[in-house]
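Undergrad: Sequence:
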Amino acid sequence: MAHKRLAPRPAYEPTYPKLTQPPKPTQPPKIACGCCRRDKTRCDGKRPACTRCVRKLLTCSYSTADERVKQRVKSLQSSVDNYVALCNFLLEIPEEKVVQVLRDAQTAPDLRSYLAKAREDTSKPQGRRQPSDLGATGSLDFPTRTGLDYDEFTARCEIVYPAFTPIEPTAVSYQPSFTSHASKPDLSHPLLNFEAPMSSSPANLLETRPDSIDPFIGLIATLTERLCPSRTLAGAPTSRPATPRSYVDKRLHHLQIGYWTSVPIRDEIAAIAISTYLEIDHPSHALFDTDLFLDDLINQNTTFCSAFLVTSLLSHACYTCSAIDLRMTAFGSAFFKEAGILYKAERMSDCFSDSSALAIFSMVCELQCRNELAFETQQLSRRMGKRMKLFGVADKESNLTHFHHMPPKMKLATAQTAWGLYNWLSLHAFFYEDRTIEYPPTMPVPNDEWRRKTLSGLGWPQHSLLPSMGRAFSALCTLCILAQEIAAVYFIDREKPSQVSLAFAESKYQKLLEWEATLGSELLRREKNTPMDILTFHMYLHTIILTLFRPFLQSPQRDQRLRFASAEATPRAIYTASVTHMKNIVLQHHIDYHGKLFSTFAYAGYMQLCSAIIGMSNNTESQRQENQSYFDVCMSFFQDATLQHAIAMPIAQGLLQMALESGLIKTSEMCEVVRCLEERGKHHCPPLETSNTSSSFFSTMHQTHIIVNFELAVVDFRAAQAHTLASKLEEKMLFNEFTTAIDEESRLQT
Numbered sequence: 023m024a025h026k027r028l029a030p031r032p033a034y035e036p037t038y039p040k041l042t043q044p045p046k047p048t049q050p051p052k053i054a055c056g057c058c059r060r061d062k063t064r065c066d067g068k069r070p071a072c073t074r075c076v077r078k079l080l081t082c083s084y085s086t087a088d089e090r091v092k093q094r095v096k097s098l099q100s101s102v103d104n105y106v107a108l109c110n111f112l113l114e115i116p117e118e119k120v121v122q123v124l125r126d127a128q129t130a131p132d133l134r135s136y137l138a139k140a141r142e143d144t145s146k147p148q149g150r151r152q153p154s155d156l157g158a159t160g161s162l163d164f165p166t167r168t169g170l171d172y173d174e175f176t177a178r179c180e181i182v183y184p185a186f187t188p189i190e191p192t193a194v195s196y197q198p199s200f201t202s203h204a205s206k207p208d209l210s211h212p213l214l215n216f217e218a219p220m221s222s223s224p225a226n227l228l229e230t231r232p233d234s235i236d237p238f239i240g241l242i243a244t245l246t247e248r249l250c251p252s253r254t255l256a257g258a259p260t261s262r263p264a265t266p267r268s269y270v271d272k273r274l275h276h277l278q279i280g281y282w283t284s285v286p287i288r289d290e291i292a293a294i295a296i297s298t299y300l301e302i303d304h305p306s307h308a309l310f311d312t313d314l315f316l317d318d319l320i321n322q323n324t325t326f327c328s329a330f331l332v333t334s335l336l337s338h339a340c341y342t343c344s345a346i347d348l349r350m351t352a353f354g355s356a357f358f359k360e361a362g363i364l365y366k367a368e369r370m371s372d373c374f375s376d377s378s379a380l381a382i383f384s385m386v387c388e389l390q391c392r393n394e395l396a397f398e399t400q401q402l403s404r405r406m407g408k409r410m411k412l413f414g415v416a417d418k419e420s421n422l423t424h425f426h427h428m429p430p431k432m433k434l435a436t437a438q439t440a441w442g443l444y445n446w447l448s449l450h451a452f453f454y455e456d457r458t459i460e461y462p463p464t465m466p467v468p469n470d471e472w473r474r475k476t477l478s479g480l481g482w483p484q485h486s487l488l489p490s491m492g493r494a495f496s497a498l499c500t501l502c503i504l505a506q507e508i509a510a511v512y513f514i515d516r517e518k519p520s521q522v523s524l525a526f527a528e529s530k531y532q533k534l535l536e537w538e539a540t541l542g543s544e545l546l547r548r549e550k551n552t553p554m555d556i557l558t559f560h561m562y563l564h565t566i567i568l569t570l571f572r573p574f575l576q577s578p579q580r581d582q583r584l585r586f587a588s589a590e591a592t593p594r595a596i597y598t599a600s601v602t603h604m605k606n607i608v609l610q611h612h613i614d615y616h617g618k619l620f621s622t623f624a625y626a627g628y629m630q631l632c633s634a635i636i637g638m639s640n641n642t643e644s645q646r647q648e649n650q651s652y653f654d655v656c657m658s659f660f661q662d663a664t665l666q667h668a669i670a671m672p673i674a675q676g677l678l679q680m681a682l683e684s685g686l687i688k689t690s691e692m693c694e695v696v697r698c699l700e701e702r703g704k705h706h707c708p709p710l711e712t713s714n715t716s717s718s719f720f721s722t723m724h725q726t727h728i729i730v731n732f733e734l735a736v737v738d739f740r741a742a743q744a745h746t747l748a749s750k751l752e753e754k755m756l757f758n759e760f761t762t763a764i765d766e767e768s769r770l771q772t
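Sequential numbering from 23 applies to the sequence shown in our numbering.
There could be a bad hint or two in this list.
[Said to hold, decoys possible] Each pair of labels, with its calculated beta carbon distance range:
1. Leu546 with Arg64: 26 to 36 Å
2. Arg125 with Arg288: 29 to 39 Å
3. Glu419 with Lys68: 22 to 32 Å
4. Arg580 with Leu422: 51 to 61 Å
5. Leu395 with Lys550: 19 to 29 Å
6. Cys693 with Leu524: 57 to 67 Å
7. Lys750 with Leu422: 49 to 59 Å
[Stated by the list, open to error] Derived lysine-lysine pairs resembling DSSO-like cross-links, with alpha carbons at most 30 Å apart:
8. Lys78 with Lys68
9. Lys688 with Lys359
10. Lys68 with Lys26
The set of hints was computed from the structure by calculation and includes no laboratory data. All residues carry an ideal CB built from backbone N, CA and C; glycine is no exception.
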């Protein structure tokens, strides 16, 4: 098939009209400079400077996406900090002002500025003092009026001498808050015999109870109900299960205690005991880093944990928990014996876990009246700390250089152990008059933000704290440095009364007031529900002030005016003001923690208050009755403490002897308290001695060298010790029993 022939290609290209497409819209720049972003105007994104900034002569700068995210996070963190500050402020102010503050905060344009102004207005009546207010002579403008009220010469010191509503001692209960109920330990059980073999089991203590199918069920239930109750979320359905137990740290749910000890104890009981120690005693004297300890405890690692540390801690904790259930005494005794065996092997091991364990074991020895072992372990702990260069090092620079090269975890462990040991040894000297430590630790104070920023070149890591840990420990570290300076002069020679100049005492008091001005408001005492570590911190604070001015009470200098504006600023007035505040602290502790476990470090406040009120002259009947009321409150505390620790009995006996001599109490009242102490503390004695008289009950077992008569200790520290005063009371009781028997025999014959 033939195809049609195509015509040839034309010699030129035909022209057609070009199709024009609409121009693409100009895309706005995806980034804007800081000035345009701030003013919310369009930016062309030109580099290095946009057209608008060039035209207006502005500094043009561009931020990356990461920088913008960081700025946003910083803004959110600032908002969170403001709300946290608002919550803390609401906790500090009286309840009647809370609603008004919330209303003002809602309408305030800037919450931070409002809080600053509100805090300033709140602190005006209390006269917050800054160090610069002291002037060249260090004088304060104190109100000049008669009477020894708190604002007489310390109105500007809201931490040391805060405003408080006086509490009448007659308004509180004098009865012990803990009762020695049916769950008493079997005193004939081998675990309570201090010479018993370690193979003994505390399960026999529970065989007679109704829940004897599992002998630990009743004990676990009792401890859980009082110490670690289950929690349910607010508003959650009732069918929703509660959290098993509320430990201070959730890692304790995974505890396997059998790895660390041979004492037959359930994991739940051990976890409750450890949680109790970390919540009650650890915040005041943190001898180890909690986070590192718990990690190694659960993961069965021996870097920051050891069998010696675990058994010592459990012994301390179980004795403390015995106020809830006396069956815990058996566990405390068993752990104490096991820790004593481990002590012989670990006492020369220079590591952080064993140095902390040595200090805790020494505390248990003191609390259970093992005087020789307590002194030995306390001295070994001191020497170990110096060998490890935790304190007592004169060459600060080389020690800091060594600290700089440590791994982050080792830095935390070093600093925590160093300051924990230093604080314990420093405050220990005020009750035993020990030798002082020449140089404090050179490491940063744990959780001390100021020192961490100052030593930022050392790579100080972020410090993790338990919810129960506040700022009291950091403040206590700096307070103990001043305490060591005072102890170095006051306790230089225990055999000879120290001669202290008033100039030295006044200079240290001025230094304490200057240090007080640097503290934060979180250390203020509240009207109620003050954290326990804050209360014990204030007890130690006033213990130091009382010690500072006590030597001048019996000298002509007691009424000599110090370098303050007020004529009332004398050694006796300062001493009396601290006694007044110690009364309030003790009553607040007695009310807030009535029926609850308390820190063993609260002993300090009750002992200091008893000694002070017994030594004060009772010029009127009302003063005598008031002091007797405070003394009854203190005796109630020691009757509760007797369930936990053997040391409470000789301390109470020594104080009873002092009160009897001063005429503060009668012989019949003294005998009633002694009978109560005997009944509540007999589980601390070996079985063979429980049938003896009250005299041998105290004299053979419970002797301690702790000082209880602090006024007498100024001239004769041995006569001021608890066991010396308790022996006098023993002689008096024997004489009363003898004369009573003679009178009874004469009456029968007639």
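Undergrad: Against this structure, judge whether each hint is valid.
TA: Going through the hints against the structure:
no. : hint                           : verdict
1   : Leu546 with Arg64: 26 to 36 Å  : violated, 52 Å
2   : Arg125 with Arg288: 29 to 39 Å : violated, 52 Å
3   : Glu419 with Lys68: 22 to 32 Å  : violated, 53 Å
4   : Arg580 with Leu422: 51 to 61 Å : violated, 44 Å
5   : Leu395 with Lys550: 19 to 29 Å : violated, 40 Å
6   : Cys693 with Leu524: 57 to 67 Å : violated, 43 Å
7   : Lys750 with Leu422: 49 to 59 Å : holds, 51 Å
8   : Lys78 with Lys68               : holds, 15 Å
9   : Lys688 with Lys359             : violated, 40 Å
10  : Lys68 with Lys26               : violated, 64 Å
Taken one by one, the earlier hints fail for this structure at numbers 1, 2, 3, 4, 5, 6, 9, 10, listed in ascending order.
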